[in-house]
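Those protein sequences? They're chains A and B, same order as listed. So for the first sequence, the working numbering puts the first residue at 1; every next one is plus one. So for the second sequence, the working numbering puts the first residue at 1; every next one is plus one.
One thing to keep in mind: the hints can contain errors.
[Said to hold, decoys possible] To spell it out: a stretch of chain B is covered by chain A in this simulated footprint if at least three of its residues, at any positions, have a beta carbon under 8 Å from a beta carbon of chain A; those stretches are:
| no. | region |
| --- | --- |
| 1 | 16-28 |
| 2 | 31-44 |
| 3 | 74-82 |
[To be verified] Only part of the chain B face toward chain A is listed, based on derived beta-carbon distances under 10 Å:
| no. | residue |
| --- | --- |
| 4 | E13 |
| 5 | E47 |
| 6 | D48 |
| 7 | W87 |
Bear in mind the hints are in silico, worked out from the structure with no lab data behind them. Predicted, not measured: the structure shown is a model, and the values here were computed from it. We treat Cβ as the ideally placed atom computed from N, Cα and C, and that holds for glycine.
Now for the letters of each chain:
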Amino acid sequence: MPYFELIGQIQEVATIAAGRSVRDRQRLNRGYGKGRWRKLKGVASVRLPAGTTHTAEVHWYEAHGIGRVEMKIKHLLD
Amino acid sequence: MDTILYATCKRNEGYSASLELGRDYRVLPDPKAAEHGLIRVVDESGEDYLYPERYFSKGHPPRRNVWRWVALGGLRAFYAVTLYRLWRLARERVKW
């Protein structure tokens with residue numbers, strides 16, 4: 001459960017790592033189950049706990065059958 | 001100005017793979033993030049991300065594991081003493 005809220009769709013989705021390139025692979029398998037993990041990035045509008053809304057570059061992990069986990073903010077773009 | 005280089009993770013809801021409870025993480029300066037109650041932390045992935053400040057407590061640079069070095073030194077000392085005793089025993093028997 002991320003600490004921020006996603007508003008709308010994620011744009012400009014791109015895969016930045018897959019398979020062995022995902023450093024957290026073992027921790028992800030332990031925490032969420034075995035899967036073919038990918039690390040992705042995108043741009044989305046997010047609402048922070050303070051209530052402010054920003055455009056941010058977000059990264060997350062995804063595996064088929066498990067879904068999207070551990071979405072985190074890399075940069076605030078505005 | 002108080003510069004924090006490390007912070008200890010005290011909460012990791014939703015980030016069990018990225019953050020480990022009780023572990024020290026390197027904090028990078030980010031004044032823009034600080035305005036929003038966030039800090040930039042190098043997490044388990046090796047990359048820096050923004051996390052809420054409440055997930056961390058101000059930390060100190062990770063201390064070296066002193067007890068590990070003491071234990072190692074103890075083991076080496078044990079081996080050294082044992083070898084010395086064997087040498088003494090051998091010398092007495094052989095009468096060098």
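Do the hints match the structure? See the list:
1. Only residues whose beta carbon comes within less than 8 Å of a beta carbon in chain A count, and the region 16-28 of chain B has 3; three or more means the coverage holds.
2. For the region 31-44 of chain B, the stated coverage by chain A holds: 7 residues have a C-beta nearer than 8 Å to a C-beta of that chain, and at least 3 were required.
3. Coverage of the region 74-82 of chain B by chain A is violated [criterion: at least 3 residues with CB-CB distance below 8 Å; count 0].
4. For B:E13, the interface hint holds, since its Cβ comes within 10 Å of a Cβ in chain A; the closest pair sits about 6 Å apart.
5. Checking B:E47 against chain A by beta carbon gives a least distance of about 8 Å; that is within 10 Å, so the hint holds.
6. With 10 Å as the threshold, the beta carbon of B:D48 comes within range of chain A, its nearest partner Cβ sitting at about 8 Å, so the hint holds.
7. Given hint, B:W87 at the interface with chain A, is violated; its Cβ is 47 Å from that chain's nearest Cβ, farther than 10 Å.
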